[in-house]
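Trainee: From first to last, the protein sequence lines stand for chains A and B. Residue numbering for the first sequence is 4 to 728, as defined by this note's numbering. Residue numbering for the second sequence is 1036 to 1223, as defined by this note's numbering.
In case anyone wonders, no lab produced these hints; they're calculated from the structure. Glycine included, C-beta positions come from ideal geometry on N, C-alpha and C. Incorrect hints may appear among the rest.
[Unchecked claim] Partial pick of chain A residues on the chain B-facing surface, computed with a CB cut under 7 Å:
no., residue
1, 45
2, 262
3, 266
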Amino acid sequence: MARRTLRPPLTLSIIALFLAILVSLHLMSTATQDASELGEMYSSLVLTNGLASLMLLGLVGANIYWLARQLRKKAAGSNLTSRMIFLFSLLSLAPASIVFYYSVQFLDRSVDSWFDVNVDQAMDDALKLGQTALDERMRNLLKETEQIAQQLSTSPISLLSIRLGELNENEDADLTLFTRQGQIIGFNGSQTETMTPNLPEIGIMVQVRQGKPYIGLETIGHDGLQIRAVVSLIGEDAIFLQAIYRIPRQLAQLTDSVEAAYQHYKELTFLRRSLKFTFTLTLSLILLLSLLAAVWAAFLSIRRIVEPVRLLAVGTRAIADGDYEKRLPVKDRGELGFLVESFNTMTDKIAQARDEAQQSKWVVERQRAYLETVLASLSSAVLSFDSELRVLTANQSANHILHADFEQYIGWPPVVLCGAYPHIAELMSQLEPSMNSESPSWKMELTFNSPAGRQELFCRGSSLYGTQGQHEGLVLIIDDVTALIQAQRSTAWSEVARRLAHEIKNPLTPIQLSAERLRHKLAKTLEGPDLEVLEKSTRTIVQQVEAMKTMVNAFSEYAKPSHTQLRPLRINPLVEEVVALYPPNAGLHIDLQLDPDLPEVLGDPVKLRQVIHNLIKNAAEAMPQGRSGKMTIQTTFGVGFGTGTIELRLSDDGPGIAPDQAERIFEPYVTSKTKGTGLGLAIVRRIIEELGGQIKLDTAYRHGASFLITLPVAQPSTDVNDEQR
Amino acid sequence: MRSRHLIFFALIFLEGLLAPLAWSSPYGIFIKSADFITSGDLKTLSADIDYRFTPSAIKALEEGIPLTLLITLKVRDPDRLWFQEPLIEDQRRIQLRYQPLAKSFQIADLGSGAVQNFASLATVLDTLSRLRGWKFVGQYAFEKEKSYDAILRFKLDIESLPLPLRLVAYLSPEWHLETEPYQWRVEP
Chain A
4 MARRTLRPPL
14 TLSIIALFLA
24 ILVSLHLMST
34 ATQDASELGE
44 MYSSLVLTNG
54 LASLMLLGLV
64 GANIYWLARQ
74 LRKKAAGSNL
84 TSRMIFLFSL
94 LSLAPASIVF
104 YYSVQFLDRS
114 VDSWFDVNVD
124 QAMDDALKLG
134 QTALDERMRN
144 LLKETEQIAQ
154 QLSTSPISLL
164 SIRLGELNEN
174 EDADLTLFTR
184 QGQIIGFNGS
194 QTETMTPNLP
204 EIGIMVQVRQ
214 GKPYIGLETI
224 GHDGLQIRAV
234 VSLIGEDAIF
244 LQAIYRIPRQ
254 LAQLTDSVEA
264 AYQHYKELTF
274 LRRSLKFTFT
284 LTLSLILLLS
294 LLAAVWAAFL
304 SIRRIVEPVR
314 LLAVGTRAIA
324 DGDYEKRLPV
334 KDRGELGFLV
344 ESFNTMTDKI
354 AQARDEAQQS
364 KWVVERQRAY
374 LETVLASLSS
384 AVLSFDSELR
394 VLTANQSANH
404 ILHADFEQYI
414 GWPPVVLCGA
424 YPHIAELMSQ
434 LEPSMNSESP
444 SWKMELTFNS
454 PAGRQELFCR
464 GSSLYGTQGQ
474 HEGLVLIIDD
484 VTALIQAQRS
494 TAWSEVARRL
504 AHEIKNPLTP
514 IQLSAERLRH
524 KLAKTLEGPD
534 LEVLEKSTRT
544 IVQQVEAMKT
554 MVNAFSEYAK
564 PSHTQLRPLR
574 INPLVEEVVA
584 LYPPNAGLHI
594 DLQLDPDLPE
604 VLGDPVKLRQ
614 VIHNLIKNAA
624 EAMPQGRSGK
634 MTIQTTFGVG
644 FGTGTIELRL
654 SDDGPGIAPD
664 QAERIFEPYV
674 TSKTKGTGLG
684 LAIVRRIIEE
694 LGGQIKLDTA
704 YRHGASFLIT
714 LPVAQPSTDV
724 NDEQR
Chain B
1036 MRSRHLIFFA
1046 LIFLEGLLAP
1056 LAWSSPYGIF
1066 IKSADFITSG
1076 DLKTLSADID
1086 YRFTPSAIKA
1096 LEEGIPLTLL
1106 ITLKVRDPDR
1116 LWFQEPLIED
1126 QRRIQLRYQP
1136 LAKSFQIADL
1146 GSGAVQNFAS
1156 LATVLDTLSR
1166 LRGWKFVGQY
1176 AFEKEKSYDA
1186 ILRFKLDIES
1196 LPLPLRLVAY
1206 LSPEWHLETE
1216 PYQWRVEP
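The following block holds chain A by itself, in its conformation from the complex (with noise of 0.2 Å):
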């Protein structure tokens, strides 16, 4: 289950803050205001504005940090943001530093404007005029209070109080006497709100002891004034006189507003650069403070604006990278989280299209590989040509039954496959028009002379059509049907054999009986040239019946049924066993290439011994009368193709075999040889057939004969018998 943190919407966040910040500076401005209760709150909030635009700016900063990384990473949508953020700024920037450039401008002149020398001229003008017309009061009472003083000398001490009271005709005035320390001697006056009499401060005092009367304004409470005056009595230096006058309300009132008026432009006056500062100050907190919180919340809106493009591009990427697993969460329901379920619903399919791609290329790898098993264990070749005869394909027994490696030559040219085998030049040649025909399938047997011999091969070809029904090639499927050709000869001939045996082998012996039963009979009977004829005769007869018998014998050992028994052994040690019987004296010098690295063979030994004997043999009896011969044996490790064989190659420097006997050398009867059954050769094939062998007559040998004999290696497994050692 996805973790969901409660979050609330941005757009609400972005109003909160904004109404915050709004309300936050709607209070400072209203501090500034000069009769403001906030007033008090002013300094709070300027450091409360403070401390957000700080915040701010860290946020800012934060989130520019953020987007910085974003584009050293090169992250999916960061340069958008940046576009837009860069932009939003621009936009919110331009307009709020003209505003906020000509605000300062007008700040400045309209405080500017407050303060103007006929004005400061005139405040001052009506304070002097307010204390001029209260010092005109102020002389006057001093005067009156000095009167006082003056005829209050004369009176003695005792009588001071008394006096006093008959001195004061003024009745908004408060006489007081006392004494150097402050003792109060008489009073008389209508203050009633305070207890004692309101004695002047010690600067005064001094300068009325030093003989100064003292006159001066004073204020009480909001909007009263009132003047004092400290004489000292005249002849008692002890002794002082205070007369606090009140001012009539009316004018305490005027001179007041004077006052107060002066005093507030003095203090407008002073405070001119500070209001300037406080105002500037409060205008650029408000900018700073909006910009900051635009620029953070034009970062929140354009992040989340750009988030399912930037979402795409992740996506887009990650397609790119082949993981169509990928899917893009649907955050916004408008047209860009449509573009988003867009994006998804085409992965799906892409993944589906990928997956069903897959699981077709599978299904066609597996039959390829099939195929291609099928193929590698057909016992025939088979390749494909395209219309240029090209090979497009051939399988390990085309390889084998030609004798060359097409793999090297798949997509070639024809000519430079015939080039690098000319034997299949001379193949091909003969099967061109075939393969040219464009015909659907076509038969045809014929002889190829490869390295290995003369073969005979069996072909079928069958044109591929592409999907449009036109010709693209062609399949071509070979048989080597040489050895099945040669097996029904080979059966055949024994059974003519073993028939020839049959049906003549029964009358010779009556015939030979009978021939000596005549000459027995008759030979007494006869005499002189009558004799003569009839030993002469029934000689003959025995001797060819003799003659006969051999041939039948011959072919009655051709026909039979022989009783091979297989077992490993070392070919070099039999070969040398045979040689040892042909010594050089013989009429044959017999030159051994023997390989001494050979594995055992599968053969029979008694069997082998023939088949050597039998070859050597044909070449001592080959060579031209009066001539010595030279033969060579061979035995190599064979590499061809399939499991590992032996090769004995037997060749010999007499006339060899003429080309139109080579093919059907090892049939019976057939022998270059004016004596002899003919069927030395055929016995040979006979029986390295049995031992699963091959014997071939080597066509392109030219100096004399060569036989070349493969058998087949003894697996590792077989229970080797070691006597041939």
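Chain A is already provided as a structure; the job is to place chain B on it using the hints.
Mentor: Relative to chain A, chain B alone:
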């Protein structure tokens, strides 16, 4: 014109930032002595203070800006932890004003409303320098035969200045006029 202002504000701001570190001046408020005078069960505070206002403050006063002095007395029980409330805490707010019409100065006790007029600033400061018989509140909290720590502070209240001057005052060291906390042990 505007750039001059900006430079001025920038300098003030910079000065304000550096003020607490670098300001060392002959101006300020200094408490020379302070003690409680016991008369019967009543304790009153007497103190001698030396006021050395900066030219800015004096000029402001003469231009009609009232200056408010905040006098704070705290008495702490030494047995209490430092973060606990003090045993006694009392404040007096004394305002100095200039009367342009009368060309006189005035001291007003903002707590009691008592007003005193003076012919010159010297006599004002002379009067203010002798704080006598302050009957602070919370005297009942004293226990006999127990010692206490008394702390007295004088400072110019920037918050009482006119609003436009407040920020400048906060940022300018010339307006930071206050005493170091004057502390003495009140023996039983």
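Trainee: Next step is simple, just say for each hint if it's right about the structure.
Mentor: Quick rundown of the hints versus the structure:
The beta carbon of residue 45 (chain A) is positioned within 7 Å of a beta carbon in chain B (closest approach about 5 Å), and the interface hint is therefore held. About 4 Å separates the beta-carbon of residue 262 (chain A) from the nearest beta-carbon of chain B, less than 7 Å, and the hint is met. The beta carbon of residue 266 (chain A) is positioned within 7 Å of a beta carbon in chain B (closest approach about 4 Å), and the interface hint is therefore held.
Of the hints listed earlier, there is not a single one the structure fails to meet.
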